[in-house]
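Undergrad: Fit chain R to the known structure of chain D by using the hints.
There are 2 protein chains.
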Amino acid sequence: MRSFLLSLLLVAGVLLQGRSQQFSGAVMVLHGGAGNILPSEFNPAQEATYREALTLALRTGYERLKAGASSVEAVQAAIHVLEDNPLFNAGKGSVFTHDGKNEMDAAIMDGSTLKAGAVADVSRIRNPIDGAIAVMQRSRHVMLVGPGAEAFAGKAGVTLVDPSYFFTEKRWQELQRALARDSLDALKGDSSSAVLPPVEHPELMFGTVGAVALDQQGHLAAGTSTGGITDKMNGRVGDSPIIGAGTYADDATCGISCTGWGEYFMRTVAAKTAADLIRFKGWTVGQAGHALIDSIIPALGGDGGMILLDARGNGCLVFDTPGMFRGWVSRDGKISVLMYR
Amino acid sequence: MRSFLLSLLLVAGVLLQGRSQQFSGAVMVLHGGAGNILPSEFNPAQEATYREALTLALRTGYERLKAGASSVEAVQAAIHVLEDNPLFNAGKGSVFTHDGKNEMDAAIMDGSTLKAGAVADVSRIRNPIDGAIAVMQRSRHVMLVGPGAEAFAGKAGVTLVDPSYFFTEKRWQELQRALARDSLDALKGDSSSAVLPPVEHPELMFGTVGAVALDQQGHLAAGTSTGGITDKMNGRVGDSPIIGAGTYADDATCGISCTGWGEYFMRTVAAKTAADLIRFKGWTVGQAGHALIDSIIPALGGDGGMILLDARGNGCLVFDTPGMFRGWVSRDGKISVLMYR
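Residue numbers (our numbering), protein chains in the order written: chain D, 1 to 341; chain R, 1001 to 1341.
For the record, the hints were derived by calculation from the structure and aren't laboratory data.
Treat the hints with care, as some may be off.
To be verified - Cut-off 25 Å, straight-line C-alpha distance, at most; resulting in silico cross-link-like pairs (DSS-like, lysine-lysine): (1) R:K1066 to R:K1334; (2) R:K1101 to D:K155; (3) D:K115 to D:K170; (4) R:K1155 to D:K101.
Same shape as in the complex, but just chain D:
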């Protein structure tokens, strides 16, 4: 019965004009977040800055792969570019929590060993993806959070910064607008706002970055880094650092990085579900990605996007938001970058 419903939903999903690219011969796929990314929101100069940043990230990752680096190193290099660029909601440019802090999450997974590392709720690691990689490579744990994660990262040689490094005026103003709306909603009669979380701000929610790479040894790695969602409660952890939710890689199936309304990706264990559709049902990355984004996640009320790459170079970028910053590199170095549907 569930299978039948799933099939129905899949058909419905495709009819709802699935938004995706599917291609072969790729060595890296990348996203800079899904959300309200519409042509009307960007002037040509702004659009160019996003395209340049995405292109630079892809080229940086590609150069590492061409030089023989591992897929983990290539993912790290590409994500560094986006974390260091305040345009994206990761590293510098991360959004603010309800209490005006930057609390970041990141994860990495190595598809050849199924080793993984994650940090969450960190405010002092300049490049959170580096913290995640340190956890994977230099600890026996998979996930460290908060000050414990920062202390470990510092000892492992990862660059720490003062939390003020992450301040950007644009994100601060986004928080102020969200807080103003919270107040308005509270005035409308909800007196329990001390307990209830901030209201949702769908247009502010997305902007996570992520990449999946395929190296010359045929191994996959996937990584994701995010500032989370504007106005989130302190201590909130989303899907990005959860292995199987926002990040997953296995040479035998594919590498995946997600972006969107994280709670829904956590409840559906989105990335592992997609990998299991490939592993247990023989589906392609395109079929699996569409099942999650067109059917399984919307069925609960969520939305967002997902990038997938398998060890044969088959890729899929899929989303159900107005747009997603995204791109891929093919084996011959050709870079493709897209923002809108």
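TA: Only chain R this time, still in chain D's reference frame:
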């Protein structure tokens, strides 16, 4: 190829004398941790205290179900009994981190709605499962960690305590023994101990508690609560609070709670993988549980146990450690409790 290997491993797993109970007609399954639980480690009086505690937890959950409570309420009631009992590594009785703190994790998932809640790295929530339930029912988030989780729980009416509430002499002595061994290992020549994590202490690692219940409406819920592993790094989060790793529930497949070496359950996304074997391949809870515990997790070097219950009352308790505190209640109220193989 992977499928073939999996089949081989499955056969090998069965030959390696799978340790499990499988039964039908159950309304609750429960565990109090897997580990070095051998008859030689317990005198009759000690054994009786464990059996009594497990029986009380099962009876408490059963009484709630019989009174028409939801599966979430039954799981909460059963886990309270184990969290409040210092015999188990959850709530009062939690193990200590490397730095001598108690940092607890817990999660709940409602199989009828796929809603979920989790807290991690909390030191002030008397019953961490209550924190997880508050996150599920009273926030729009799925996971909160650290002081943010505690502040939310307090506002939501969950009982907070001073961290000293969680001190027990027995767990403190376990940490001292672990630290002594760390020092010995460091003396043996590892000068990088400032970065490297504590050594492994397999005999101290387990003791998580968890339960899955099936209510009169036919809905499943699963919950898990833990102090983690003795001598863990500060900020370490294990599999218990990760939806899809240590905890998962879906009426369409089953409810699951895991115990063991959490990092391996995270890397294999153990609970969701078991649920997907049921959903995508039509396996039983017994087949799915054995695949994880006999094959998929040992293939990476991990061990532990898992309890599964589906919406038709089919249950499986499976582990590959010397023993697992475990039990189940049938529809007619018959309680079965086991410790050893």
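Undergrad: Hint by hint, note whether the structure agrees.
TA: Comparing the hints with the structure gives:
no., hint, in the structure
1, R:K1066 to R:K1334, "holds, 13 Å"
2, R:K1101 to D:K155, "holds, 20 Å"
3, D:K115 to D:K170, "violated, 36 Å"
4, R:K1155 to D:K101, "holds, 20 Å"
The structure shown violates just one earlier hint, number 3.
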